[in-house]
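2 protein chains.
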Amino acid sequence: MVVKSELKLIKSLQQKKCRNEHGLFVVEGKKTVEEVVNSNINAYKIFAVDPSGLKEEDIQVEKVTARELSQMSSLKNPNGYLGVFYIPKPIERITSDWVLVLDGVQDPGNLGTIIRLCDWFGISDIVCSTDTVDCYNSKVLQATMGSITRINIKYMNLESFLSETKLPIYGTFMDGISVNESRLPEKGIMVMGNEGKGVSDAVAQLCTDRLAIPQFGGVTTESLNVASATAILLHEIRK
Amino acid sequence: MVVKSELKLIKSLQQKKCRNEHGLFVVEGKKTVEEVVNSNINAYKIFAVDPSGLKEEDIQVEKVTARELSQMSSLKNPNGYLGVFYIPKPIERITSDWVLVLDGVQDPGNLGTIIRLCDWFGISDIVCSTDTVDCYNSKVLQATMGSITRINIKYMNLESFLSETKLPIYGTFMDGISVNESRLPEKGIMVMGNEGKGVSDAVAQLCTDRLAIPQFGGVTTESLNVASATAILLHEIRK
Numbered sequence: 001m002v003v004k005s006e007l008k009l010i011k012s013l014q015q016k017k018c019r020n021e022h023g024l025f026v027v028e029g030k031k032t033v034e035e036v037v038n039s040n041i042n043a044y045k046i047f048a049v050d051p052s053g054l055k056e057e058d059i060q061v062e063k064v065t066a067r068e069l070s071q072m073s074s075l076k077n078p079n080g081y082l083g084v085f086y087i088p089k090p091i092e093r094i095t096s097d098w099v100l101v102l103d104g105v106q107d108p109g110n111l112g113t114i115i116r117l118c119d120w121f122g123i124s125d126i127v128c129s130t131d132t133v134d135c136y137n138s139k140v141l142q143a144t145m146g147s148i149t150r151i152n153i154k155y156m157n158l159e160s161f162l163s164e165t166k167l168p169i170y171g172t173f174m175d176g177i178s179v180n181e182s183r184l185p186e187k188g189i190m191v192m193g194n195e196g197k198g199v200s201d202a203v204a205q206l207c208t209d210r211l212a213i214p215q216f217g218g219v220t221t222e223s224l225n226v227a228s229a230t231a232i233l234l235h236e237i238r239k
Numbered sequence: 001m002v003v004k005s006e007l008k009l010i011k012s013l014q015q016k017k018c019r020n021e022h023g024l025f026v027v028e029g030k031k032t033v034e035e036v037v038n039s040n041i042n043a044y045k046i047f048a049v050d051p052s053g054l055k056e057e058d059i060q061v062e063k064v065t066a067r068e069l070s071q072m073s074s075l076k077n078p079n080g081y082l083g084v085f086y087i088p089k090p091i092e093r094i095t096s097d098w099v100l101v102l103d104g105v106q107d108p109g110n111l112g113t114i115i116r117l118c119d120w121f122g123i124s125d126i127v128c129s130t131d132t133v134d135c136y137n138s139k140v141l142q143a144t145m146g147s148i149t150r151i152n153i154k155y156m157n158l159e160s161f162l163s164e165t166k167l168p169i170y171g172t173f174m175d176g177i178s179v180n181e182s183r184l185p186e187k188g189i190m191v192m193g194n195e196g197k198g199v200s201d202a203v204a205q206l207c208t209d210r211l212a213i214p215q216f217g218g219v220t221t222e223s224l225n226v227a228s229a230t231a232i233l234l235h236e237i238r239k
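Line by line, the protein sequences give chains A and R. So that you can map any letter, position 233 of the first sequence is 233 in full-length UniProt numbering, and since no number is skipped, the others follow by simple counting. So that you can map any letter, position 103 of the second sequence is 103 in full-length UniProt numbering, and since no number is skipped, the others follow by simple counting.
Just so you know, these hints were derived from the structure itself, not from any lab. Certain hints may be false.
Just so you know, same-sequence chains aren't split out, so a pair can sit in one copy or run between any two.
[As the list claims (entries may be wrong)] The calculated lysine-lysine pairs, modelled on DSS-like cross-linking and capped at a C-alpha distance of 27 Å, are: (1) 4 - 187; (2) 76 - 139; (3) 16 - 45; (4) 154 - 4; (5) 55 - 197; (6) 197 - 30; (7) 76 - 17; (8) 30 - 11; (9) 8 - 76; (10) 197 - 31; (11) 16 - 76; (12) 197 - 76; (13) 76 - 63; (14) 31 - 139; (15) 45 - 239; (16) 30 - 139; (17) 30 - 16; (18) 45 - 63; (19) 239 - 11; (20) 239 - 17; (21) 76 - 187; (22) 63 - 139; (23) 239 - 187; (24) 63 - 30.
Bear in mind that the values here come from a model prediction, so they are computed numbers and not experimental data.
Using the sequences and the hints given, assemble the complete structure.
If you want it as structure tokens, here you go:
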């Protein structure tokens, strides 16, 4: 049985404020829980309706009822497994050749997809503006599919980060130079902007190069989804 | 006031079966409603809490209460505007140089993003297997951002469609040839598979070319999200 105060604590982790206060975050679903357990992220507690379903034998799993699980879960239909983990401290040092910078990305699904893309393309560092959606948001974690454990994500003031680097800073803009006509260097920073407003003015001024993904045919749609644009740009970086 | 039977009808359109039965689909949100109104798709009825907010003057808008709107809406927080439209008949003839084929894509957000990508890259024809998620699903429509009005989407047996074409059929597979080393022709068919299972065996046998998007660094993530992969491939087609 899970005590009431613990149910309340876990439920509260759906809010960013409470996650930061307690230094904990929640992951749901068997596969993702297992992936985080197997990473260097420390587990606080793992709950399962059927603990025997988990492959890990040396991990402490608390058996819960479906009702208890649903009281902790952020999902309409909880899927049997919920893990609470300690939020890892971001690594200060940038180790990736290319760094992805996110300037105000708001949609959790987009951030989750972008984290997964970085994992695929071997970009191990993401630097987010402080107004970017929290990467420990449950919807972000659902979309990352475990990639969160392999990417170093920092939230900080972008202007101070970008003004200190000597790397070329590529920003994506509607009126930029076609990425098809650009030769991307071996190292650099790629800035992706907010879904509606794009890159902020302050950050745009720090960009050394302005890129665009060319549209084909009539100009009808307003923009590419930021996750789709990131997919294309990371692919170009790695070609 | 909206009569009860009409509320019930509109609510029922959240189910594919009912959409097909009545030949109607629902769009929510001011911007998307306006975009569909301005397309060649015929409106059945438009509802708004504040009809004066809509730009269109020559369109019949029924004023509804917030309560009535929430009874029709599929959203937790309905956003003031809801349009019911007639499902357009797909155009038989393929007009696009490249055709995108979807073999069992299940996630509505993925299909919505893919439709939007086709719009951006000027691919006007999508052919879906009959087990692909319905493009008039509300979550698909939310993700398409109005692109649905510009793309011709057909659901049919893929084997019969693919066995009749003379175009090269590119399938995407984990073990395919790197898209970076392939020269894509001016016309062709690009097949994207299901999120978990990829391209089905029957369809794979009809593919003339097997493509892959190369991963970078350690092989850690299982796969690219299908919408991200589509973004990269359509970009390559248009380069």
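Taking the hints in turn, this is what the structure says about them:
no. : hint      : in the structure
1   : 4 - 187   : neither (51 Å within a copy, 62 Å between copies)
2   : 76 - 139  : both (12 Å within a copy, 16 Å between copies)
3   : 16 - 45   : within (19 Å within a copy, 40 Å between copies)
4   : 154 - 4   : neither (33 Å within a copy, 52 Å between copies)
5   : 55 - 197  : between (45 Å within a copy, 22 Å between copies)
6   : 197 - 30  : between (37 Å within a copy, 18 Å between copies)
7   : 76 - 17   : both (22 Å within a copy, 23 Å between copies)
8   : 30 - 11   : within (19 Å within a copy, 34 Å between copies)
9   : 8 - 76    : both (17 Å within a copy, 23 Å between copies)
10  : 197 - 31  : between (35 Å within a copy, 16 Å between copies)
11  : 16 - 76   : both (20 Å within a copy, 21 Å between copies)
12  : 197 - 76  : between (32 Å within a copy, 25 Å between copies)
13  : 76 - 63   : within (20 Å within a copy, 32 Å between copies)
14  : 31 - 139  : both (15 Å within a copy, 25 Å between copies)
15  : 45 - 239  : neither (42 Å within a copy, 49 Å between copies)
16  : 30 - 139  : both (16 Å within a copy, 25 Å between copies)
17  : 30 - 16   : within (23 Å within a copy, 30 Å between copies)
18  : 45 - 63   : within (11 Å within a copy, 51 Å between copies)
19  : 239 - 11  : neither (44 Å within a copy, 48 Å between copies)
20  : 239 - 17  : neither (40 Å within a copy, 45 Å between copies)
21  : 76 - 187  : neither (43 Å within a copy, 44 Å between copies)
22  : 63 - 139  : within (24 Å within a copy, 34 Å between copies)
23  : 239 - 187 : both (13 Å within a copy, 23 Å between copies)
24  : 63 - 30   : within (14 Å within a copy, 47 Å between copies)
In this structure, the earlier hints numbered 1, 4, 15, 19, 20, 21 are contradicted, and the remaining ones agree with it.
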